[in-house]
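*Asks:* The lines below spell out each chain.
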Amino acid sequence: DAKTTQPPSMDCAEGRAANLPCNHSTISGNEYVYWYRQIHSQGPQYIIHGLKNNETNEMASLIITEDRKSSTLILPHATLRDTAVYYCIVREWGNKLVFGAGTILRVKS
Amino acid sequence: GAVVSQHPSWVICKSGTSVKIECRSLDFQATTMFWYRQFPKQSLMLMATSNEGSKATYEQGVEKDKFLINHASLTLSTLTVTSAHPEDSSFYICSAGGGKNTEAFFGQGTRLTVV
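Residue numbers (our numbering), protein chains in the order written: chain A, 1 to 109; chain B, 1 to 115.
Since the hints were made in silico from the structure, they are not lab data. One should not assume that every hint holds.
[Unchecked claim] From chain B, some residues computed to sit far from chain A (all C-beta separations above 12 Å):
(1) T17
(2) V19
(3) D27
(4) K55
(5) E59
(6) K64
(7) F67
(8) T78
(9) T80
(10) H85
[What the hints assert, rightly or not] Anything over 12 Å on all C-beta distances counts as not near chain B; from chain A, calculated:
(11) N23
(12) I74
(13) K108
[As the list claims (entries may be wrong)] Partial list, computed: chain B residues near chain A (C-beta under 10 Å):
(14) V4
(15) F34
(16) L46
(17) A104
(18) F105
(19) G109
Ideal Cβ placement from N, Cα and C applies to all residues, glycine included.
Here chain B stands alone, though its shape is the one from the complex:
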């Protein structure tokens, strides 16, 4: 299947700093990518839909000014967690693909720990 790569796999940052997570589709072009967050022992929660060349669409309750999404090319979307706090510590996962009658592919996830 298609490959979606996230970077970094894990990151530790200090409270108040910003962290950028990259999501790349390696062998296909993705006009749409999705960002999820997963807390321990919970399911994936959709945060936002990243649209190439336009603004992201955020799910209800997700702060767009805190979680900045940029989808500047057909193979790259980035999620920036701004002014991170310990409660932002989570597993962040992106997905790409999933167009007409096709499956979506997921990155390996990024473990963010804010100290």
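Just chain A, same shape as in the assembly:
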């Protein structure tokens, strides 16, 4: 079973930052937080992952709270092409990825 809780849907204006929250209150010390997204009828796309430090790459930033019980994925300047289902997943090294329901992000012009 998925170990994360995400809001079912969110809207964001084009050009604005999209902040997607995720709760993972039962995360264990050796579990990483991963974010993937899935655009309609495609395979999931990796976005970012982290253990306890905040992470940033060319796609997004990941902010993990100090107690690691929650995190936020930030898309700094959302575009229409960012409309997708975003999945927050906690996973140990090398273990399988178990997907929850995710958050449907709708970017609107």
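Following the hints, complete the assembly by docking chain B onto the known chain A.
*Replies:* Showing chain B alone in chain A's frame:
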């Protein structure tokens, strides 16, 4: 990032026939691959873990005799849906990679329609 390729992208087959889906890691070796199934408006459901050179590990409720998995090399895993029925119509997705502190990469998916 690494590339995982699935073939075919879509397939239509008659009820009772078998369909094979291939998953290839194009630029890295994968001792483990994963197979998922996704029904419309639902999330991905893990079906099985494919292990190179050994038997696959199936998730609870997935029929191993119906969904045959073969992982004969470090770059190829296949999923065969045997005696397909309309209820097997779904989007099948594989992933590879995801070892120590690395991300897993997904194929583009295969849309199976059984008529």
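*Asks:* Each of the hints needs a verdict: does it hold here or not?
*Replies:* Structure-based check of all given hints:
With a least CB separation of 24 Å from chain A, T17/B remains clear of the 12 Å interface cut-off, as annotated. The beta carbon of V19/B is kept farther than 12 Å from every beta carbon of chain A, the shortest such distance being approximately 18 Å. With 12 Å as the threshold on Cβ separation, the claim that D27/B sits away from chain A holds: the shortest Cβ distance comes to roughly 15 Å. No beta-carbon of chain A is positioned within 12 Å of the beta-carbon of K55/B; the least distance is around 16 Å.
Look at E59/B: its CB is around 9 Å from the nearest CB on chain A, not clear of 12 Å, so calling it non-interface is violated. Taking the minimum C-beta to C-beta distance to chain A, about 16 Å, the non-interface status of K64/B holds against the 12 Å cut. The claim that F67/B lies off the interface holds: its Cβ sits roughly 16 Å from the closest Cβ of chain A, which is beyond the 12 Å cut-off. No Cβ of chain A approaches the Cβ of T78/B within 12 Å, the least distance being about 17 Å, so the stated non-interface status holds.
Listed as outside the interface, T80/B is consistent with that label: its C-beta sits roughly 20 Å from the nearest C-beta of chain A, beyond the 12 Å cut-off. At roughly 22 Å from the closest C-beta of chain A, the C-beta of H85/B stays outside 12 Å, upholding its exclusion from the interface. Separation of N23/A from chain B is adequate, the least Cβ-Cβ distance of about 17 Å exceeding the 12 Å criterion. Non-interface status of I74/A relative to chain B is upheld: no Cβ of that chain comes within 12 Å, the nearest being about 18 Å off.
With a least CB separation of 21 Å from chain B, K108/A remains clear of the 12 Å interface cut-off, as annotated. With its C-beta approaching chain A no nearer than about 8 Å, V4/B sits inside the 10 Å limit, and its interface hint holds. The interface hint given for F34/B holds, since its Cβ lies 6 Å from the closest Cβ of chain A, which is under the 10 Å cut-off. Against a cut-off of 10 Å between C-beta atoms, the interface hint on L46/B holds, since the closest Cβ of chain A lies about 6 Å away.
Hint on A104/B holds. Least Cβ distance to chain A is approximately 6 Å, under the 10 Å limit. The beta carbon of F105/B comes within 7 Å of a beta carbon in chain A, closer than 10 Å, and the hint placing it at the interface holds. Nearest Cβ of chain A to the Cβ of G109/B: about 5 Å, under the 10 Å cut. The hint holds.
Comparing the model with each numbered hint stated earlier shows that hint 5 is the single one that does not hold.
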